Amino acid sequence: MTIKSVLVANRGEIAVRIIRAAKALGIRTVQVYSAADADMLAVRLADEAVNIGSPAPKKSYLNIEAVIEAAKAAGVDAVHPGYGFLAENGDFADAVVAAGMIFIGPSGDAIRLLGDKVAARSVAVGAGVPTVPGSDGRVDTLAAARAVIEKTGFPMMIKAAAGGGGRGIRIVQTLDDLEQQFPQASAEAAAAFGDGGLYLEKVITRARHVEVQILGDGENVIHCFERECSLQRRRQKVWEEAPAFLLPADIREKLCASAVAVARAVKYRGAGTVEYLYDEDAGAFYFIEVNTRIQVEHPVTEMITGIDLVQEMFRIAGGAALSIRQEDVRVSGHAIECRINAEDPARGFMPAPGQIETLEIPEGEGVRFDTMLYEGYTVPPFYDSLLGKLIVRADTRNACLDRLKTALEGLKVTGLATTITLHLALVDDDNVRRGDYHTRFLEAWLETHFSLTVARKVEVA
Amino acid sequence: MTKLEIRSPLPGTFYRASSPETPAFKADGNTVASGDVIGLIEVMKTFQEIASDVSGANIRFLVDNEEPVMAGQVIAEVEQ
Numbered sequence: 001m002t003i004k005s006v007l008v009a010n011r012g013e014i015a016v017r018i019i020r021a022a023k024a025l026g027i028r029t030v031q032v033y034s035a036a037d038a039d040m041l042a043v044r045l046a047d048e049a050v051n052i053g054s055p056a057p058k059k060s061y062l063n064i065e066a067v068i069e070a071a072k073a074a075g076v077d078a079v080h081p082g083y084g085f086l087a088e089n090g091d092f093a094d095a096v097v098a099a100g101m102i103f104i105g106p107s108g109d110a111i112r113l114l115g116d117k118v119a120a121r122s123v124a125v126g127a128g129v130p131t132v133p134g135s136d137g138r139v140d141t142l143a144a145a146r147a148v149i150e151k152t153g154f155p156m157m158i159k160a161a162a163g164g165g166g167r168g169i170r171i172v173q174t175l176d177d178l179e180q181q182f183p184q185a186s187a188e189a190a191a192a193f194g195d196g197g198l199y200l201e202k203v204i205t206r207a208r209h210v211e212v213q214i215l216g217d218g219e220n221v222i223h224c225f226e227r228e229c230s231l232q233r234r235r236q237k238v239w240e241e242a243p244a245f246l247l248p249a250d251i252r253e254k255l256c257a258s259a260v261a262v263a264r265a266v267k268y269r270g271a272g273t274v275e276y277l278y279d280e281d282a283g284a285f286y287f288i289e290v291n292t293r294i295q296v297e298h299p300v301t302e303m304i305t306g307i308d309l310v311q312e313m314f315r316i317a318g319g320a321a322l323s324i325r326q327e328d329v330r331v332s333g334h335a336i337e338c339r340i341n342a343e344d345p346a347r348g349f350m351p352a353p354g355q356i357e358t359l360e361i362p363e364g365e366g367v368r369f370d371t372m373l374y375e376g377y378t379v380p381p382f383y384d385s386l387l388g389k390l391i392v393r394a395d396t397r398n399a400c401l402d403r404l405k406t407a408l409e410g411l412k413v414t415g416l417a418t419t420i421t422l423h424l425a426l427v428d429d430d431n432v433r434r435g436d437y438h439t440r441f442l443e444a445w446l447e448t449h450f451s452l453t454v455a456r457k458v459e460v461a
Numbered sequence: 462m463t464k465l466e467i468r469s470p471l472p473g474t475f476y477r478a479s480s481p482e483t484p485a486f487k488a489d490g491n492t493v494a495s496g497d498v499i500g501l502i503e504v505m506k507t508f509q510e511i512a513s514d515v516s517g518a519n520i521r522f523l524v525d526n527e528e529p530v531m532a533g534q535v536i537a538e539v540e541q
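These protein sequences, in sequence, are chains G and Z.
Sequence positions in the first sequence follow our numbering and run 1 to 461.
Sequence positions in the second sequence follow our numbering and run 462 to 541.
Note that these hints are calculated values from the structure, not bench results.
Every value quoted in this text rests on a predicted model; they were computed, and no experiment measured them.
A few of these clues could be false.
Below, in silico cross-link-like pairs of lysine-lysine (BS3-like), each with a Cα-Cα straight-line distance of 30 Å or less [what the hints assert, rightly or not]: (1) 59(G) - 464(Z); (2) 72(G) - 4(G); (3) 58(G) - 506(Z); (4) 4(G) - 23(G); (5) 72(G) - 23(G); (6) 59(G) - 23(G); (7) 23(G) - 412(G); (8) 59(G) - 72(G); (9) 202(G) - 506(Z); (10) 151(G) - 58(G); (11) 58(G) - 4(G); (12) 412(G) - 464(Z).
In isolation and in its complexed conformation, chain G is listed as follows (with noise of 0.2 Å):
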């Protein structure tokens, strides 16, 4: 059944980007929104609007019985979650089809399966795909994790099963450390997540962070190459280029092979990304988990490829075959993404809530901002600090960095603090124009470049 009418079960930036792709394939659409948005950008686009709740997620957008009552009341046939909130919540799926509409999703069993980390792992070693050096599954006493460490030597992560999104995590580095911490880890993740299981993972020291875009109709499943997203604070990206730049031609064929049989062997319908990391020195990919929802990062896969993957998953959530063939997708050019958070970088990216005051966006070939703002609207202080994602594409690498340079100085946004001045920092830094980074590179250089970079315009004010 082609789908003629959404539920977008999100806010912020991506759900404007979703309300455009259904706008493009003739959906009507429906936005919630919580009582905090009801200014907000979607809502205003949107062909209906309805108000599911209060301000705390909880009470609107986590709410799996307050979204499902808006989307019968509406009549739609579909929900599109986003991502974050209920994107990769396996009840929600369900209990959108039971209602009798459609998910534009995977399905809640392959929600559920591919949520499991230590499910996925044996999922992707199922598959022939190498994981990264660790327990084979969850590991339940303390003796057991000390038996791994005996084989993979330190340091190591311990892990929540249940976690994702980087929270739920400890690195250990020594046998004290072990006996302290994997306690802690579990009753943690037992209040966090409701499910204290545990599994270890061998930290990489210089690893990049490199992920393949899939799309699946259930039977078959192609990729759209991969998204290099090293520059990381606090486990959340920062800044993602496609494809992965210095990545040998062969290693990027054997990646992207691995990711489509995951997807293949649970026979994935709809896009996800499969993460890896990438050990630069040893020529070697460890899987670490598949999301089964779309990216923030989407757009710069979009960019190279031509494929716009939001209206692919209105397509193939509505029954359409895939209509991509694997050798038609191909990789045209360079593109980086810059989130632009509402954080002020210079007071040690203090989250910064208020009233845009003024708003410019730059425009030319090869430069999109994907972003939920206008002049006068008041960023609420209740959800993540995404203020928008500033996206460019040029023919190779270096003209793509001078664009983006040339973009960040026209994109100027006034009444709150934002990260435009970061990312102005990192495109003229040499470690990032000649790619030589990893998921550590950005809180040590934040620390001795940056730092100095604010503390010298501070100086001359």
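Assemble chain Z onto chain G, guided by the hints.
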């Protein structure tokens, strides 16, 4: 006796305790010293401690746990 106000420096969601399992930083009627943490404000998924900038007795909270607050809103009053 005068009443002194403790205001939230930031907009967000106010919490009386560091987690649902732990007791409140201050109970109504407690004495407060300048610098004491009286609650947390969740702003854009990060937590900031709210420290009292005054000393006083018999603190009375004007905002409930998990309630939204505006920047500058009075969270509690103490007597001096």
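Status of each hint after checking the structure:
1. 59(G) - 464(Z): 35 Å, violated
2. 72(G) - 4(G): 14 Å, holds
3. 58(G) - 506(Z): 13 Å, holds
4. 4(G) - 23(G): 10 Å, holds
5. 72(G) - 23(G): 20 Å, holds
6. 59(G) - 23(G): Measuring from Cα to Cα gives roughly 28 Å; hence the hint holds.
7. 23(G) - 412(G): Holds, at about 28 Å.
8. 59(G) - 72(G): 18 Å, holds
9. 202(G) - 506(Z): Holds. Residue 202(G) to residue 506(Z) sits at ~29 Å (cutoff 30 Å).
10. 151(G) - 58(G): At roughly 43 Å apart (the allowed maximum being 30 Å), residue 58(G) and residue 151(G) break the hint.
11. 58(G) - 4(G): 29 Å, holds
12. 412(G) - 464(Z): 44 Å, violated
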